[in-house]
Amino acid sequence: MSEKVRILIAKPGLDGHDRGAKYIARALKDEGYEVIYTGLRQTPDSIVATAIQEDVQFIGLSLLSGAHKELFPKIVDKLKEQEASDIHVFGGGVIPDRDIPFLLEHGVEAVFTPGTPISDVVKFIESVK
Amino acid sequence: MELVDRVLKGEIRAVAKAITLVENGHPDKEKFIDSIYSKCGNAVVWGVTGPPGAGKSTLVDKLIDQERSKGKKVAVIAVDPSSPFSGGAVLGDRLRMQSHATDPNVFIRSMASRGHLGGVAGNTTDAVRVLDAAGYDLIIIESIGVGQTEIEIIEVADIVLLVLVPGMGDEIQALKAGVMEIGDIYILNKKDHDGIEKLEAEVNYMLSLKGYDELKNPVVLTSAVENIGIVELTHTIEDYYSRLKTSNRLTHKRKKRVREEIQHLLISKIMTVINKNLETEKNIDHWAEKLISGEISPYSFFNQKIKNFLEESSENADTN
Ligand SMILES: Nc1nc2c(ncn2[C@@H]2O[C@H](COP(=O)(O)OP(=O)(O)OP(=O)(O)O)[C@@H](O)[C@H]2O)c(=O)[nH]1
Ligand SMILES: [Mg+2]
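Residue numbers (numbering that gives the first Met the number 0), protein chains in the order written: chain P, 0 to 128; chain G, 0 to 319.
Honestly, the hints are just simulated from the structure, not real lab data. As the structure is a prediction and not an experimental result, all values here were calculated from the model.
Derived DSBU-like pairs: lysine-lysine, alpha-carbon spacing no greater than 35 Å straight-line: (1) G:28 to P:21; (2) G:268 to G:16; (3) G:275 to G:289; (4) G:16 to P:68; (5) G:28 to P:128; (6) P:77 to G:72; (7) P:122 to P:73; (8) G:30 to G:281; (9) G:69 to P:77.
With beta-carbon atoms standing in for the labels, derived distance ranges: (10) G:284 to P:113: 40 to 50 Å; (11) G:25 to P:126: 22 to 32 Å; (12) G:33 to P:82: 25 to 35 Å.
We put the CB at the ideal spot given by N, CA and C, even for glycine.
Can you build the whole structure from these sequences, using the hints too?
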């Protein structure tokens, strides 16, 4: 039997480039994870549907546009609606420090701001998987 | 098993969990597959293969549009390679199919090859069974199709769609011995690119060398991004499929596949038993050393091992 941690890296919102998301997808692959990457401008509904079909343990949300306070909790809620709260949500991108407590209160389990070493992300994944 | 009932009802979360079970080779896998097996056999399976970047995922996206408009439930399994170094993978095929993400009658699953050679994942056949039992009418598998060995798609698909593009140059030569031979339908994609006539001529020439066949392999030109040629393609597939059926080829193909599967299954079962009995993992280094030093010779040593194993087993059978 061979289990693998599967992670969905998704970009909600309207911002137009995904260099950061692609970078994290590749970095997690190099750490031995299976990463599903779905591209730009995903809606909360498509992210949740994708996470369920792909049976991932984690959703990593990447956002630069500033809509994280609205979109991240929405995704957490939709997971709950679908009885899929066992899927862990973490976030990254341009997120001001002052917003982090709000996100953590709303079901996002970890937030990684630019420059976070990948080893921190791995530590998080390994601690909750 | 509760999971069985939920899969048979087509519950999406259950289907996804069942594929994970199969993919991981979970201890419950065999029991699970046996419990759904009688409900399998209704889905049609298309395999889409071809070199990297040929437009396979884009085509699959457009094919889903067509089949959904006919009211079919469609599932996709998209296989990408695992890194031989880290064992990880970036699975990016479904990026091109995300317009279907929230359609409850479309199920898309990415699978990493996990070291399995052959262009598909090791447990693809069982993953197809899960989707089949869950009520999907059409299952499309996107496989890795680079060269001579990535041809296992023929062991899972009823019809293989081989996607080629202009400008492959010598690559087409490299494909000839392997992937090039397994296509049922040849899709020449990116017809908006230069060199499409040359590619068409090459493919037609290659097919002409195959000799007479009443099920002549169709060649279809498409431009997947522009959605050109897709309706014609689905007609061609339907037509080919019905000819496969009426000529009894489909039955023949499926039987051949099952025979292959039986062979694989027996080999892996026997391997497991033998390896356990001989404690191969523990002993293999030791045996290697003895072989290298010439202390033992390969055939007599292992023939004796097998003989001992068989005698032991029959003794056990007698005492039971
Ligand atoms: N010009 C043109 N580009 C196309 C066409 N079909 C696909 N593409 C582009 O080709 C690139 C690769 O397309 P994919 O659908 O990802 O190809 P693929 O064969 O699935 O690629 P892998 O899964 O990575 O092997 C994308 O940028 C597509 O937009 C076409 O008909 N014409
Ligand atoms: Mg692809």
